[in-house]
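Q: Sequence:
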Amino acid sequence: TRMYFLHVFILPVVVTTLILAHLFIVWVQGIAEPH
Numbered sequence: 001t002r003m004y005f006l007h008v009f010i011l012p013v014v015v016t017t018l019i020l021a022h023l024f025i026v027w028v029q030g031i032a033e034p035h
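With this note's numbering as the guide, the letters of the sequence shown map in order to residues 1 to 35.
Among the hints, a few may not be true.
So the derived label-pair ranges between C-beta atoms look like this [stated by the list, open to error]:
(1) 33 to 4: 27 to 37 Å
(2) 9 to 29: 23 to 33 Å
(3) 32 to 11: 30 to 40 Å
(4) 33 to 2: 43 to 53 Å
(5) 1 to 33: 46 to 56 Å
(6) 2 to 22: 23 to 33 Å
(7) 23 to 2: 28 to 38 Å
(8) 33 to 3: 38 to 48 Å
None of these hints come from the bench; they were simulated from the model. Note that CB positions come from ideal geometry on N, CA and C, so glycine has one too.
All chains should be modelled from the sequences, with the hints used to inform the complete structure.
A: In structure tokens form, the structure reads like this:
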């Protein structure tokens, strides 16, 4: 069905985007805060 294909295609994209956004935020905060 189309909904199944839509979920299979969009879910990995959403998960990957969230992971990359999280890593980017942690990376920026790590640079912004001197250790």
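Q: With reference to the structure, classify each hint as holding or not holding.
A: Tested hints:
no.: 1; hint: 33 to 4: 27 to 37 Å; verdict: violated, 44 Å
no.: 2; hint: 9 to 29: 23 to 33 Å; verdict: holds, 31 Å
no.: 3; hint: 32 to 11: 30 to 40 Å; verdict: holds, 32 Å
no.: 4; hint: 33 to 2: 43 to 53 Å; verdict: holds, 46 Å
no.: 5; hint: 1 to 33: 46 to 56 Å; verdict: holds, 48 Å
no.: 6; hint: 2 to 22: 23 to 33 Å; verdict: holds, 30 Å
no.: 7; hint: 23 to 2: 28 to 38 Å; verdict: holds, 32 Å
no.: 8; hint: 33 to 3: 38 to 48 Å; verdict: holds, 44 Å
The structure fails hint 1 only (numbered hints given earlier).
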